[in-house]
Amino acid sequence: MDIIVCIKQVPDTTNIRIDPVTNTLVRDGVPSIINPFDVNAIEEALRIKEKHGGKVTVITMGPPQAETALRDCLAMGADDVILVSDRKFAGADTWATSYTLSQAIKKIGKFDIILAGKQAIDGDTAQVGPGIAEWLDLPQVTYIRKLETDGQKAIVERMMDDGYESIEVRLPALFTVLKGINEPRMLSLKGKMMAKKREITVWSADDIEAEEHKCGLKGSPTKVVRTFTPTPRGRGEIFQGEIIDQVKELVKRLQEMKIV
Amino acid sequence: MEIIIDAEKCTGCTICSKRCPFAIIKMENRLAVIGQGCTFCGVCVEACPFSAITIYKDQEKHVDLSAYKGIMVFGEVRDKKFANVALELISKAREIADQIKTHVITVILGEKINHLAKEALSYGSDKVILIDDPVVKDFRTDAYARVMVDIIRDQKPEIALIGATSIGRDLAARIAIQLHTGLTADCTGLDMDMERRILLQTRPAFGGNLMATIETPYHRPQMATVRPKVMKIGKRDESRKGEILNLKPGITEEKVRTKIREIIKQEQGEVNLEEAEIICTGGRGIHKPENFSLIRELAGLLGGAVGASRATVDAGWIDASHQVGQTGKTVAPKLYIACGVSGAIQHLAGMQTSDIIVAINKDADAPIFNVATYGIVGDLFDVVPALIKEIKKVKGLE
Ligand SMILES: Cc1cc2nc3c(=O)[nH]c(=O)nc-3n(C[C@H](O)[C@H](O)[C@H](O)COP(=O)(O)OP(=O)(O)OC[C@H]3O[C@@H](n4cnc5c(N)ncnc54)[C@H](O)[C@@H]3O)c2cc1C
Ligand SMILES: Cc1cc2nc3c(=O)[nH]c(=O)nc-3n(C[C@H](O)[C@H](O)[C@H](O)COP(=O)(O)OP(=O)(O)OC[C@H]3O[C@@H](n4cnc5c(N)ncnc54)[C@H](O)[C@@H]3O)c2cc1C
Numbered sequence: 001m002d003i004i005v006c007i008k009q010v011p012d013t014t015n016i017r018i019d020p021v022t023n024t025l026v027r028d029g030v031p032s033i034i035n036p037f038d039v040n041a042i043e044e045a046l047r048i049k050e051k052h053g054g055k056v057t058v059i060t061m062g063p064p065q066a067e068t069a070l071r072d073c074l075a076m077g078a079d080d081v082i083l084v085s086d087r088k089f090a091g092a093d094t095w096a097t098s099y100t101l102s103q104a105i106k107k108i109g110k111f112d113i114i115l116a117g118k119q120a121i122d123g124d125t126a127q128v129g130p131g132i133a134e135w136l137d138l139p140q141v142t143y144i145r146k147l148e149t150d151g152q153k154a155i156v157e158r159m160m161d162d163g164y165e166s167i168e169v170r171l172p173a174l175f176t177v178l179k180g181i182n183e184p185r186m187l188s189l190k191g192k193m194m195a196k197k198r199e200i201t202v203w204s205a206d207d208i209e210a211e212e213h214k215c216g217l218k219g220s221p222t223k224v225v226r227t228f229t230p231t232p233r234g235r236g237e238i239f240q241g242e243i244i245d246q247v248k249e250l251v252k253r254l255q256e257m258k259i260v
Numbered sequence: 001m002e003i004i005i006d007a008e009k010c011t012g013c014t015i016c017s018k019r020c021p022f023a024i025i026k027m028e029n030r031l032a033v034i035g036q037g038c039t040f041c042g043v044c045v046e047a048c049p050f051s052a053i054t055i056y057k058d059q060e061k062h063v064d065l066s067a068y069k070g071i072m073v074f075g076e077v078r079d080k081k082f083a084n085v086a087l088e089l090i091s092k093a094r095e096i097a098d099q100i101k102t103h104v105i106t107v108i109l110g111e112k113i114n115h116l117a118k119e120a121l122s123y124g125s126d127k128v129i130l131i132d133d134p135v136v137k138d139f140r141t142d143a144y145a146r147v148m149v150d151i152i153r154d155q156k157p158e159i160a161l162i163g164a165t166s167i168g169r170d171l172a173a174r175i176a177i178q179l180h181t182g183l184t185a186d187c188t189g190l191d192m193d194m195e196r197r198i199l200l201q202t203r204p205a206f207g208g209n210l211m212a213t214i215e216t217p218y219h220r221p222q223m224a225t226v227r228p229k230v231m232k233i234g235k236r237d238e239s240r241k242g243e244i245l246n247l248k249p250g251i252t253e254e255k256v257r258t259k260i261r262e263i264i265k266q267e268q269g270e271v272n273l274e275e276a277e278i279i280c281t282g283g284r285g286i287h288k289p290e291n292f293s294l295i296r297e298l299a300g301l302l303g304g305a306v307g308a309s310r311a312t313v314d315a316g317w318i319d320a321s322h323q324v325g326q327t328g329k330t331v332a333p334k335l336y337i338a339c340g341v342s343g344a345i346q347h348l349a350g351m352q353t354s355d356i357i358v359a360i361n362k363d364a365d366a367p368i369f370n371v372a373t374y375g376i377v378g379d380l381f382d383v384v385p386a387l388i389k390e391i392k393k394v395k396g397l398e
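Just so you know, the sequences run in chain order A and B. Be aware that the first sequence starts at 1, since it is given in the working numbering, and climbs by one per residue. Be aware that the second sequence starts at 1, since it is given in the working numbering, and climbs by one per residue.
No wet-lab data here; the hints were simulated from the structure. Please note: incorrect hints may appear among the correct ones.
Here's a subset of chain A near chain B, in silico, CB distances under 7 Å, partners left out [to be verified]:
(1) Tyr164
(2) Glu165
(3) Val169
(4) Phe239
(5) Ile243
Cβ coordinates follow ideal geometry from the N, Cα and C atoms, glycine included.
Bound conformation, chain A alone (with noise of 0.2 Å):
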């Protein structure tokens, strides 16, 4: 079975402070990762072609820095990868972004399963997935915890608000995993001098055939005008004295609020 599975290199938010004096982001030497649903999304993909052969291939657009993130990619097991790169794409919404990644789908061919993760830990729309799907006419079942297969169909199961679902489906077909799908595999240092020495294809808009007024800004219906970080909540009353009277004085705070 030929999967090919989308990630994208976000910031490891874990080391991202904000700056007490200016409240604004400090993202100063923040390392780059694959965002941490991508690499469950990956795992999934290696499992499967463990189970029934087949070829694994992972996209990613953005800057020529990703490239690194597909070095990981390739160290866990990927067979393949491609960074579809392109000043044109900078900017790119989730509608541009879509777009871009289905044509450099359409320029690999042939798949089976289309794999992504629920949502990027930057951008947080978990809309980049369905709109590949909708670009390529697929059927897509999102936030899946379980995926089986025979080749023909898959049934998976899907996160719903008040629990889940198990539903089949016919391939080809696009799936959103989430992080309880998989416990990912460690890179081997092997895995790691392997990829070092790989070539890595980089796409531009021409070679993915490509129309410019759908790709990066031009191409992006939304466009975000004003940044600014949250007001801290700001720290509230710490009670003190017997935990007993601590308790008794927060029961009342939440009796006065009606909440008890």
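Got chain A sorted already, so can you dock chain B with the ligands onto it with the hints?
Relative to chain A, chain B with the ligands alone:
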């Protein structure tokens, strides 16, 4: 769009480079240089003390925006009842519609859901479109997207609002591509720019560390998914009248490519996290999986749901569906009680908009206290049982 650094004004102070959320501004010869990957977010423009950075926007061609009127709400249904977010959005749509003098249309999909039309009118809809058909009985992307796209093409609303639920986010993303319009995700603020008649959509990104205001200036409808429990449900007025339209779906069962084999609802008695008014969360501080029973008891007593930190989920102490945070669920209950949770930034991302946060932790320096409305520094194995006892007492259960 182009971003330009004025070499005359730039002093090489590095402030922009430190502030850039994408870390792509480098210093070369004491001059800022914007690298690849710029999203034109404007953080550096505002940060620069010397006004040395400017973004030049392209002039864009206007499409016929005047052909689009009214505000459409996707009235999400669960078990033949409105999800709360549907009523929140109808109320918000009513408010905006009064401001810009237009109408509200609510679309309801499902089977045997005719009774919901009146309810939608009573909360402020002027028109209700019902699709009562087996093909849309349960949510399936293909069927719902087809029906919604047809209705939007026909009704031409200028704004379309959908709940940012696991159904709404799946659906909205496909509709927006088909309609070739912008979609702002998971909004927590909606305001009108009255002069330009444009919806200003504010949303958290970077796990809640950055807020962005987003517009869709040249495409219609302006689409947004809106986070549940943010907008307030308005007053119900049973005497409100309006138009009710029954339509047939433009898709048949054979065209739907996914089949639901089984629907498993949450265990009886378990409250859905996202809808819960009260959440009691256990972190690694509870030490053992069995001790979740203490958290469950507290939650049960308050009629709330049980949340968990990622550390406890990763340790296998509780199912991942309970995880609160950046890679779990985003919640905003009236009361959030965190027991033995340190308050890592990724945990805060999922709960810091709760009305009241109570932190119970033995470490007075734990970051959770920085967002807590009320804090108790102490061993949770002393505090929580005492709290349970006290609540039982005031509830007259003891
Ligand atoms: C502050 C801010 C707010 C924004 N808000 C919006 C908004 O409301 N609406 C909007 O349309 N755009 C928005 N954008 C733009 C958006 O972040 C970009 O379009 C981004 O390229 C993709 O969106 P995402 O990060 O939300 O990814 P998501 O849609 O959350 O990503 C889901 C999955 O899609 C795949 N994927 C995502 N990006 C790529 C990629 N570049 N290459 C390969 N696979 C990928 C991954 O598998 C990922 O796990 C915003 C940008 C910023 C900076
Ligand atoms: C990309 C990424 C995404 C993440 N997403 C999430 C997410 O969605 N949700 C999430 O929760 N985390 C997430 N994390 C993990 C996060 O960084 C923290 O590791 C995690 O939240 C810690 O969980 P904890 O507070 O339970 O454990 P700890 O940090 O170990 O804290 C335990 C706390 O319990 C206190 N304690 C111990 N014993 C007692 C006692 N007897 N009485 C009272 N207090 C006691 C301690 O003082 C301590 O503060 C993410 C991390 C990354 C890198």
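Next on the checklist: So, against the hints stated earlier in the document, which numbers end up violated here?
Outcome noted: none
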